[in-house]
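We have chain B already, so just place chains S, F and H on it with the hints.
Residue numbers (our numbering), protein chains in the order written: chain B, 791 to 1103; chain S, 791 to 1103; chain F, 791 to 1103; chain H, 791 to 1103.
Hints in this document: simulated from the structure, not taken from any laboratory. All C-beta atoms in this analysis are idealised placements derived from N, C-alpha and C, irrespective of residue type, glycine included. Mixed in with the good hints there might be a few duds.
Counterexamples of contact, computed for chain F against chain B with all Cβ distances above 10 Å [as the list claims (entries may be wrong)]: (1) Asp914; (2) Gly949; (3) Asn1037; (4) Leu1090.
Reference listing, derived: stretches of chain H covered by chain B, where coverage requires no fewer than 3 residues with Cβ under 8 Å from a Cβ of chain B [claimed, not checked]: (5) 821-831; (6) 1012-1023.
There are 4 protein chains.
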Amino acid sequence: MSVLDPPRRELRRVTHGGRIQGCRVDGDRLILDDGRSIHEVDALYAPPVEPATIVCVHLNYRSRAVEFGLDLAAGHPTYFVKPATAINSHRGQLVRPADCTLLNYEGEIAAVVGRTMRGVRREDVWDHLAGFTCANDVGAHDFRDTDAGSMLRVKGQDGFCPIGPALVSGVDIRRAGLRTYVNGQKVQEAAVSEMVWGIDELLADITRHISLRPGDIVLTGTPWHSRPVFPGDTVEVEVEGIGRLVNHVVEGPAPPPGRGFPATVTKTSLGVALGSDYRALKRDKEPPTAEHYRAARGDLIARNMASGPPSKE
Amino acid sequence: MSVLDPPRRELRRVTHGGRIQGCRVDGDRLILDDGRSIHEVDALYAPPVEPATIVCVHLNYRSRAVEFGLDLAAGHPTYFVKPATAINSHRGQLVRPADCTLLNYEGEIAAVVGRTMRGVRREDVWDHLAGFTCANDVGAHDFRDTDAGSMLRVKGQDGFCPIGPALVSGVDIRRAGLRTYVNGQKVQEAAVSEMVWGIDELLADITRHISLRPGDIVLTGTPWHSRPVFPGDTVEVEVEGIGRLVNHVVEGPAPPPGRGFPATVTKTSLGVALGSDYRALKRDKEPPTAEHYRAARGDLIARNMASGPPSKE
Amino acid sequence: MSVLDPPRRELRRVTHGGRIQGCRVDGDRLILDDGRSIHEVDALYAPPVEPATIVCVHLNYRSRAVEFGLDLAAGHPTYFVKPATAINSHRGQLVRPADCTLLNYEGEIAAVVGRTMRGVRREDVWDHLAGFTCANDVGAHDFRDTDAGSMLRVKGQDGFCPIGPALVSGVDIRRAGLRTYVNGQKVQEAAVSEMVWGIDELLADITRHISLRPGDIVLTGTPWHSRPVFPGDTVEVEVEGIGRLVNHVVEGPAPPPGRGFPATVTKTSLGVALGSDYRALKRDKEPPTAEHYRAARGDLIARNMASGPPSKE
Amino acid sequence: MSVLDPPRRELRRVTHGGRIQGCRVDGDRLILDDGRSIHEVDALYAPPVEPATIVCVHLNYRSRAVEFGLDLAAGHPTYFVKPATAINSHRGQLVRPADCTLLNYEGEIAAVVGRTMRGVRREDVWDHLAGFTCANDVGAHDFRDTDAGSMLRVKGQDGFCPIGPALVSGVDIRRAGLRTYVNGQKVQEAAVSEMVWGIDELLADITRHISLRPGDIVLTGTPWHSRPVFPGDTVEVEVEGIGRLVNHVVEGPAPPPGRGFPATVTKTSLGVALGSDYRALKRDKEPPTAEHYRAARGDLIARNMASGPPSKE
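Okay, chain B solo, but in the shape it has when bound (with noise of 0.2 Å):
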């Protein structure tokens, strides 16, 4: 009964005629629930799952390490919660406020919960999942300074979690590889197997605080090269086996004046936010800003894709 168990089986939801409803995809075309059948390309994609808890974890590929000047060997891996109104669907928009300038890709999988998880042996895990889905750890990292470690204002904001297009169990996804595009460039590659801590050490280490419950999602890190995205980008999280989730990033009013307290930007939000490219366009500007970033990011993408993640001497 394990998830990584074939037959491989796919959930899919859309919204159709004022109300959402599972499907299967037939071809180009989706049969839905009621019997009806749909363009693919036109479906209005539901999120597969409703999770009540949204956990994430802060670092888990050695990539990202290395990105950083990290050492995980000795740790233990960290965990932020994102509210679950920041879910959002396949096709969604992700909305940059319009005083932001730092709102970032992280391309995850996230693992959904099957039956009420709570104190689960490490070999139990997967007995307990009810399968994966694609997900974008989206975050503005123009609120980095003002969060203390939660991420609630980077990460947490309405819709800063897509997740999708289906739920997928019967795969192994020890074996799969996670490929994120921005505007069809390659930006983000890894295989499952670079992460420091697997999806089932994870879920063990998690549920031996908190119960975990049906449809509730754990999002199990991101590899390197993380970068901003700007209005009119989409972006793309593809998992081998599972899917591929396409986002289309918007821009959205800055808020009324006095509401709230305002984004900055810092030399430490530009760090987390650039990573490795930090130093290379801080020799041209100092401090480099998002739009530096985004006038030199086709080439910068190239390097990097080719070269890999920068050791760190």
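Chains S, F and H in isolation, oriented as in the chain B frame:
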């Protein structure tokens, strides 16, 4: 329609005869919604609301800033999230795992959302709230160093957010006072007016980014003198006009070996858990432990409650 | 704090950019909770509330009693329940399965619960409601004879309870009027004052037995002249001061052979679906079908709207 | 992945220390999900699942059809819905309002949905279920004549759907037997094979029209010999391989005058509540009351259990 305006109104919920139902107080009895009545002292309380999202402010009372030598004057509030599984009831148990020693109380006021809030102006906040209840932002500081600021291990554990006994509206919370008691001895006392950021300011700030929905709650911070409690202790959080939340500390088992990363106690976690008593205690013991604190706490509490928070000089 | 007292207030919800969010009307645009605005005519509505329990009264307007020759004077209201999966949206589709012909509209007012109700006195009902919305108690009378009174097959099907466009409070619903339109032609008209049992009376009666919770709805009955509609038709339910709910009838596939018990049309189901027109139609055809009604309905509707409900003589 | 295939698995939930949590049986103790253990006899059970939709079949065992002289051979199943507020727990109370006398038990098997079901083929049903639990389709037949077939007043009252003690999978329910006991005396007995429509057939039929979602339940009918129970009685529903659900009948207050329409007892309601005993009892009393039944029930039950359902001749 402001939540601050009279008349005062209460909503309580109890588990009785296999079901959760509403009730109202009538002398020393509760009149259940189905017309039956029970002795209040025998009631098995359920949480007055079932929030999907629980947002907590890290630091909001001047006295706590003073205790830790922090300057909030020019700053902004920071927040973290507890999962919904942290909710606990009036008279519920606070379970301290056997491998933990630093389980701290933090008496707080919880604001309960009545209507969906996003982008709400400060002056409109009172009109969107359903009421207030007492809360205890319980934390196991043994995990302080493995949380990277998110407080998920420390404060997100199952049952670490007792609320109750009632959801109350029609009280001007801005004029209320907050007190916490351990085994009948007063351990925290503050006026809501001592908050750095008012409840309306917090809600306007959070909902700049995040939609809060009916039943969601915001914990608004604790004053100075959060300290460890121990199995056998009773903790009470009293808010004037709102009620008095009672909880009992019990010991739970440690997790089986290899089930997640272990609790650890460091100077940092001891410093947070013991607050300004850390300095006093380490004159005798280096480092002091929770048990040292326990042995001395009667005198420490009496002295602290008499003196107020230490000036930081 | 009565739901009847001004000021008038609206809550609308739309699916936009992958998420459901609240919004408010501003001229011909909707201002979304995140500050963006869209053309109202392009909006993809979500239901204004998501009830767990939907209670419907079988019969509550004198004119419908007259149409069916029933005497309600000495009686009591009777109710049935739709599952929550019946909820549909403003502008959503009403799907008529290919093996059905008798899909009827029933324009109604839905009362929306604001605070948990059990054992509520009639005079306290208005203080427990959140507001009102338009509803269509859609039914496929092809299943009339296979329901034994519960209406589950007839009226409980997915999407057979559209509500919207808004949840509205601050309107004295007791003075409102209800109208239904098919393809722009008025087909039902009644004043709320024609209800046999007032909305407060219904709610006090139901909650004698059953707890209603925030967001739950009660559909309060339809006046005379419920009739079949057909794929391609547009049905609108308008409640004065509350709004106008628009839905489109489309055809869905019949279930595959052997998947459940078949739709059947009998004199009884035809008699209910065609109401007082049954007698007129059967002069020509015995028995008349939905298609006979469709061919004649322009004239029948015009005559019926002019004459009012037949006296039972 | 069929719910019928071993190994057998249980999910139980209890309210303990202010929270609902999962647990498993270990001898005469329950091991809670947080690692603590309690005596099973002291456990305060919560329902094993929290359904949004509860569908019940009116009539599905041949013996009950025989008792009421009904012919199901050429027919179809009919259903009604209980609101979610009817759910009650193992060891919960069945509250008989003081103005009611005809509170009947109906021992049943509840099928619990595991994956969203719509348009599911009969042969795929077992793969969509999460398991089974015992249920009691409690009804107050005093409202029989004021329900018009929907059973909402009769069977939809708060707490009139106890389920438990456990959700069980891995048992071939088609080979199970069902028994009901009142105060230890057996009052109903049937094999699942006596159902007119199999569980798979019911689910395929219902989901032709209606989406069922994870946690939703279908009550699959009761065999003959549903009878009234009285305050002080204990009712037990046992399903082989699934468990034994225990509930206690208590008296609740009548509603205050003028709060809803009154309970009434008629020959029809007596006939349904007393079943084939109605004829026997009315030899002495015309009409017989619930109290007449109560006085005679020891003998009546013994005789009925020995004879089986009366032939209708």
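Evaluated hints:
| no. | hint | result |
| --- | --- | --- |
| 1 | Asp914 | holds (33 Å) |
| 2 | Gly949 | violated (5 Å) |
| 3 | Asn1037 | violated (8 Å) |
| 4 | Leu1090 | holds (29 Å) |
| 5 | 821-831 | holds (count 3) |
| 6 | 1012-1023 | violated (count 0) |
Checked against the numbered hints above, the structure violates hints 2, 3 and 6; every other hint is satisfied.
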